[in-house]
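Please put together the full structure from these sequences, using the hints given.
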Amino acid sequence: MAFAKPDFLKSPIERYRQEIEKRMHGKAQVFREKSAQKKLPFVYTLAFPDAENKLISAFSYGVSFATHPERIREVELCLQVESQESNWIHIVGYLANQLRTDCPFKTDEIIKIGQPISPDSKMDAFIVGEIDFLNDSSPIFDSKKSKGIQLIQLIPIYQSEILSIHKMGVEAFLRAIKDSKSIVDRKSI
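As numbered in our numbering, the sequence shown has no gaps in its residue numbers, which increase by one up to the final residue, 439.
Honestly, I wouldn't trust all of these hints.
[Unchecked claim] Subject to a maximum C-alpha distance of 25 Å in a straight line, what follows is the list of computed SDA-like cross-link-like pairs (lysine to any residue):
(1) Lys372 - Lys437
(2) Lys437 - Asp374
(3) Lys395 - Asp257
(4) Lys288 - Glu320
(5) Lys428 - Ile361
(6) Lys272 - Thr351
(7) Lys431 - Thr357
(8) Lys431 - Asn337
(9) Lys356 - Phe383
(10) Lys362 - Leu349
(11) Lys288 - Cys353
(12) Lys272 - Asn303
(13) Lys362 - Phe391
(14) Lys437 - Ile381
(15) Lys362 - Phe281
(16) Lys437 - Gln400
(17) Lys417 - Gly364
(18) Lys288 - Lys372
(19) Lys284 - Phe391
(20) Lys304 - Lys260
(21) Lys260 - Ser388
(22) Lys284 - Gln400
(23) Lys272 - Phe253
(24) Lys395 - Ile263
(25) Lys277 - Ser388
[To be verified] DEER-style ranges, computed between Cβ atoms:
(26) Phe253 - Glu421: 35 to 43 Å
(27) Lys288 - Asn385: 23 to 31 Å
(28) Glu302 - Pro366: 32 to 40 Å
(29) Ser387 - Gln409: 25 to 33 Å
(30) Pro366 - Phe253: 28 to 36 Å
(31) Phe383 - His416: 21 to 29 Å
(32) Ile363 - Phe281: 36 to 44 Å
(33) Asp352 - Phe253: 40 to 48 Å
(34) Phe391 - Leu290: 19 to 27 Å
Hints are computed from structural coordinates only; laboratory data are not their basis.
In this text, all values refer to a predicted model and were calculated from it rather than measured experimentally.
Using N, Cα and C, we set each Cβ at its ideal position, and we do this for glycine too.
Below is the structure:
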């Protein structure tokens, strides 16, 4: 007979993981990365590789522990792409770790990487957007004191598309790539 751990004994990462696994309908692989900033806890990446559908979904946990003057709410990063390359999983944790005190992660913000993210793609930047691949995008409460963690999506783009984004506007650009947003080798706009 298996006993479940009572909710009041669960750590914030356990509560967060449980909620993400419930929304993704599966078990996560968890990666832990030592903090790049002193006095901040580890950064975790929860990965959901789906070999059958050739999808990778990844979620960070660690951005919400850091503060930024322009960040109104607690946020965590997520990503979903059609790929089997683990680089897509690890870039989520890397960006969370490196930028959590420096970047507000506001929607429509562009994050340049400067090199291709993965061997299967020439994409080298992200645009931050509202999450659209989960049925439930409500805030996640990882502790009793939590005000709710909002998930925000990293949408891979080419740096060469930044000019198009400025000309078209973010909303028009995202509408143009709507059906190919998760395809890592889509044609540039």
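Comparing the hints with the structure gives:
About 10 Å separates the Cα atoms of Lys372 and Lys437, which keeps this hinted pair within 25 Å; it holds. Under the criterion of a C-alpha separation no larger than 25 Å, the hint pairing Lys437 with Asp374 is consistent with the structure, at around 14 Å. For the proposed pair Lys395 and Asp257, the alpha carbon gap of about 14 Å is at most 25 Å, so the pair holds. A distance of roughly 21 Å separates the Cα atoms of Lys288 and Glu320; the hinted pair therefore holds under the 25 Å criterion.
For a cut-off of 25 Å, the pair hint linking Lys428 to Ile361 stands: about 19 Å separates their Cα positions. Annotation: proposed proximity of Lys272 to Thr351 is violated, straight-line Cα distance about 29 Å (limit 25 Å). For the hint linking Lys431 to Thr357, the alpha-carbon distance of about 16 Å falls within 25 Å, and the restraint holds. For the hint linking Lys431 to Asn337, the alpha-carbon distance of about 17 Å falls within 25 Å, and the restraint holds.
Between the alpha carbons of Lys356 and Phe383 the distance comes to roughly 18 Å, so the proposed pair stays at or under 25 Å and holds. With a C-alpha separation of about 12 Å, the suggested pairing of Lys362 with Leu349 holds against the 25 Å cut-off. The straight-line distance between the Cα atoms of Lys288 and Cys353 is roughly 17 Å, inside the 25 Å bound, and the hint therefore holds. Using a Cα cut-off of 25 Å, the hinted pair Lys272 and Asn303 holds, with the two alpha carbons roughly 19 Å apart.
Among the hinted pairs, Lys362 with Phe391 is inconsistent with the structure: their alpha-carbon atoms are about 30 Å apart, more than 25 Å. Taken as a hint, the Lys437 and Ile381 pair is honoured in the structure, with Cα atoms around 22 Å apart against an allowance of 25 Å. Using a Cα cut-off of 25 Å, the hinted pair Lys362 and Phe281 holds, with the two alpha carbons roughly 23 Å apart. A hinted pair counts as satisfied when its Cα atoms are at most 25 Å apart, and Lys437 with Gln400 does not qualify at roughly 30 Å.
Under the criterion of a C-alpha separation no larger than 25 Å, the hint pairing Lys417 with Gly364 is consistent with the structure, at around 21 Å. Pair hint Lys288 plus Lys372 does not hold up; C-alpha atoms about 33 Å apart against a cutoff of 25 Å. Of the supplied pair hints, the one linking Lys284 and Phe391 holds, its CA atoms being roughly 23 Å apart against a limit of 25 Å. A C-alpha spacing of about 32 Å is found between Lys304 and Lys260, which places the hinted pair above 25 Å, so the restraint is violated.
Between the alpha carbons of Lys260 and Ser388 the distance comes to roughly 21 Å, so the proposed pair stays at or under 25 Å and holds. For the hint linking Lys284 to Gln400, the alpha-carbon distance of about 23 Å falls within 25 Å, and the restraint holds. Taken as a hint, the Lys272 and Phe253 pair is honoured in the structure, with Cα atoms around 19 Å apart against an allowance of 25 Å. Proposed proximity of Lys395 and Ile263 is supported: the alpha carbons are some 14 Å apart, at most 25 Å.
A threshold of 25 Å between alpha carbons decides the hint, and for Lys277 with Ser388 the separation of about 20 Å falls inside it, so the pair holds. About 49 Å separates the C-beta atoms of Phe253 and Glu421, a value inconsistent with the hinted range of 35 to 43 Å. For the pair Lys288 and Asn385, the beta carbons lie near 38 Å from each other, so the given range of 23 to 31 Å is not met. The hinted window of 32 to 40 Å between Glu302 and Pro366 is violated, with their beta carbons roughly 26 Å apart.
Range check, Ser387 to Gln409: about 28 Å between beta-carbon atoms, so the 25 to 33 Å window is met. In this structure the hint that Pro366 and Phe253 lie 28 to 36 Å apart at CB is violated, the actual value being about 47 Å. At roughly 26 Å, the beta carbons of Phe383 and His416 sit within the given window of 21 to 29 Å. Separation of Ile363 from Phe281 is about 19 Å and departs from the stated range, judged on CB atoms against 36 to 44 Å.
For Asp352 paired with Phe253, a C-beta distance near 43 Å keeps the hint of 40 to 48 Å intact. The hint said 19 to 27 Å for the Cβ distance between Phe391 and Leu290, and at roughly 21 Å that hint holds.
When each numbered hint is compared with the structure, violations occur for hints 6, 13, 16, 18, 20, 26, 27, 28, 30, 32.
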